[in-house]
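Q: So the protein lines, in turn, are chains F and L.
Following my numbering, the numbering of the first sequence begins with 48 at its first residue and continues without gaps.
Following my numbering, the numbering of the second sequence begins with 2 at its first residue and continues without gaps.
Worth flagging that the hints you see were computed from the coordinates, not collected in a lab.
Heads up, the beta-carbon is just placed ideally off N, CA and C, and yes, glycines get one too.
Among these hints, one or two may not hold up.
[Said to hold, decoys possible] The calculated DSBU-like cross-link candidates involving lysine-lysine, where the alpha carbons are at most 35 angstroms apart (straight line), are: (1) LYS300(F) x LYS126(L); (2) LYS340(F) x LYS99(F); (3) LYS205(F) x LYS183(L); (4) LYS340(F) x LYS122(L); (5) LYS126(L) x LYS334(F); (6) LYS59(L) x LYS300(F).
[To be verified] Covered by chain L, per the in silico footprint, the following chain F stretches (three or more residues, Cβ under 8 angstroms): (7) 123-137; (8) 318-324; (9) 327-335.
[Stated by the list, open to error] The calculated label-pair distances, taken between Cβ atoms and stated as ranges, are: (10) THR107(F) x ILE124(L): 30 to 36 angstroms; (11) PHE202(L) x LEU351(F): 53 to 59 angstroms; (12) ALA201(L) x LYS138(F): 41 to 47 angstroms; (13) ARG317(F) x ALA118(L): 16 to 22 angstroms; (14) ALA38(L) x PRO101(F): 45 to 51 angstroms; (15) ASP47(L) x PRO337(F): 22 to 28 angstroms; (16) LYS126(L) x LYS196(F): 40 to 46 angstroms; (17) ASP356(F) x ALA38(L): 46 to 52 angstroms.
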Amino acid sequence: MLIGKKPNILPSEITPRDIYLGRREVLAGIGAAGIGTIMSRPAAAAKLTSVKSPLSTTETATPLKDVSTYNNYYEFGTDKSDPAQAAGNFKPTPWSVEIGGMVAKPGTLTLEDIMKPVTLEERIYRMRCVEGWSMVIPWNGFALAELLKRVEPLGSAKFVAFETVVRPAEMPGQRGSFQPLPWPYREGLRLDEAMHPLTILATGLYGETLPNQNGAPLRLVVPWKYGFKGIKSIVRITLVDKMPETSWQLQNKNEYGFYSNVNPDVDHPRWSQATERRIGEGGLLAKRRPTLKFNGYADQVASLYAGMDLKASY
Amino acid sequence: MKEPSAERGWHERAWQTASKPDTIRRAIYIIGALPAAWVFYRGFTDQLGADPIRTLEKTLGIWALRFLVVGLTITPLKRLGGPNWVRYRRAIGLLAFFYAALHLYAYLWFDQNLDFAAIWKDILKRPYVTIGFAAFVILVPLAITSNNSMIRKLGGPNWNRLHKGVYAACALAAIHFIMLRKAWPPEPLIYAGLITILLAFRLYVYLQKRTQRARRAA
Chain F
48 MLIGKKPNIL PSEITPRDIY LGRREVLAGI GAAGIGTIMS RPAAAAKLTS VKSPLSTTET
108 ATPLKDVSTY NNYYEFGTDK SDPAQAAGNF KPTPWSVEIG GMVAKPGTLT LEDIMKPVTL
168 EERIYRMRCV EGWSMVIPWN GFALAELLKR VEPLGSAKFV AFETVVRPAE MPGQRGSFQP
228 LPWPYREGLR LDEAMHPLTI LATGLYGETL PNQNGAPLRL VVPWKYGFKG IKSIVRITLV
288 DKMPETSWQL QNKNEYGFYS NVNPDVDHPR WSQATERRIG EGGLLAKRRP TLKFNGYADQ
348 VASLYAGMDL KASY
Chain L
2 MKEPSAERGW HERAWQTASK PDTIRRAIYI IGALPAAWVF YRGFTDQLGA DPIRTLEKTL
62 GIWALRFLVV GLTITPLKRL GGPNWVRYRR AIGLLAFFYA ALHLYAYLWF DQNLDFAAIW
122 KDILKRPYVT IGFAAFVILV PLAITSNNSM IRKLGGPNWN RLHKGVYAAC ALAAIHFIML
182 RKAWPPEPLI YAGLITILLA FRLYVYLQKR TQRARRAA
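Sequences and hints are given; from them, build the entire structure.
A: The structure is reproduced here in structure tokens:
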């Protein structure tokens, strides 16, 4: 911002029309439907327009209720029901992302800057958690490659490192005496993985902006890797020449590798990865289903790892 | 209830009954079984959230752990001058076993769909499953001998020695809970901490007795 120039009001700070209309609905709902309706409505969800993608799966999507209440987001607590309950005070707007490292055009981009040139796509992806459960989530997002190309990676850049925001005041999991992970949460991809068309930055799911507990306002989705690679609420993207450290590797080097590709043949040291349970499917009598190599995306991504020993580079 | 013909001793308290403790005991069994009834009811009416099987397993496991912890507090409570609830300990112990059995059943049936090949591999290969299963196996003979005729058959000292196995089962259960979570969330650590304190109390009493014995011998 230039000195003397009046501060612009960011579009992200202006309440969209359907939201303030939505607020009236909510007010009306207090009388009609009671508190439950309000609690379940994400505070700042705005409708998103997106185009369909041939990369989407045709499998039945996991209900929004499950996608938005069953989350691993340790910044908001370690129980999977914690994030939905504790993320209400998180402020995803205004937002900006610092992009730097080995790029020709480093800088800090606001979310609006990032979104301006991209066309949002609906990407319905399988999501496999390292804990042995899975979902099918209709994300709204765009290829990470589009953003990376804009900042022009240098030839020396080999990896991309990501960081989540640190805001103890808004993220109860980041304060207090029990800190399950070192903050900020860190993730990384090899540059070719980051540039792969399946790799997206998501700003929404189910056609609305991301609920806070799902990583608002901007998160990574890499559908052939375990869910924890999908870093949430990203504030920093750095292109580097060395393999970056990741949070789960820092937490336990023996159990979590850098690649973390979904692989039924490589078990987590403490549990099998051969099968998974699809959330929202069949209740108590749900049957486990076999886990697929690269989470079923082998045709698109297996070539990235040609010649690599996936048991050693897990 | 039959009066003991012989061998009246320390363990008499545990099974000698009066009408009031009988009522309380019955109430403990009934109230203690309510969380199980409630979680199964909620499970079959789709009220257990996104992953009902995991919630069912976890709830049953945690109740087993809770009853184990309560069972372990009864002796220290008495020794530290609190009320003597030894007469209710069997009910607490059997409830712990009841929940451990339901927890195992939920894992075998709901979680693993009775795929015994996968289950056997889990038990052999996954330390947390091995440890949890070992804790259950230890509890089986304790549950079987938790009745008056078995106490009489085994004799007090033997019965007492056998039931010290619950210390091992508690330690294993605490480790089992820690191992199946990622990172170090507080809940398993809290249970592990409680169990450590309660077991340390036994060790302290044991060491004190040994020192006294040694002193007397000297």
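Q: Given a hint of 46 to 52 angstroms, does the C-beta separation of ASP356(F) and ALA38(L) actually sit inside it?
A: With Cβ atoms ~51 angstroms apart, the hint holds.
Q: Regarding LYS126(L) and LYS196(F), is the given constraint of 40 to 46 angstroms on their beta-carbon distance met?
A: 45 angstroms, holds
Q: Sort out whether LYS126(L) lies within 35 angstroms of LYS300(F), counting only the CA atoms.
A: 20 angstroms, holds
Q: Range first: 22 to 28 angstroms. Now tell me if the beta carbons of ASP47(L) and PRO337(F) are that far apart.
A: 25 angstroms, holds
Q: Does the hinted range 53 to 59 angstroms hold for PHE202(L) and LEU351(F) at CB?
A: This hint holds: roughly 56 angstroms between Cβ atoms.
Q: Could you say whether the range 16 to 22 angstroms given as a hint is met by the Cβ separation of ARG317(F) and ALA118(L)?
A: Cβ of ARG317(F) to Cβ of ALA118(L): about 19 angstroms, so the range 16 to 22 angstroms holds.
Q: Does LYS340(F) pair with LYS122(L) here, judged by a C-alpha cut-off of 35 angstroms?
A: The given pair, whose Cα atoms are some 20 angstroms apart, holds under the 35 angstroms limit.
Q: Honestly, do ALA38(L) and PRO101(F) meet the 45 to 51 angstroms range at C-beta?
A: Holds, since ALA38(L) and PRO101(F) (Cβ atoms, about 50 angstroms apart) stay within the stated range.
Q: Between the segment 327-335 of chain F and chain L, see if three or more residues pass the 8 angstroms beta-carbon test, and mark the coverage as holds or violated.
A: Result for this restraint: holds, n = 7.
Q: Looking only at beta-carbon atoms, does the pair ALA201(L), LYS138(F) fall within the given range of 41 to 47 angstroms?
A: 46 angstroms, holds
Q: Verify the proposed pairing of LYS126(L) with LYS334(F), using a straight-line Cα cut of 35 angstroms.
A: 22 angstroms, holds
Q: Need the status of pair LYS205(F), LYS183(L): alpha-carbon distance at most 35 angstroms?
A: Judged against 35 angstroms, a Cα distance of about 30 angstroms means the pair holds.
Violation of the numbered hints given earlier is absent; every hint is satisfied by the structure.
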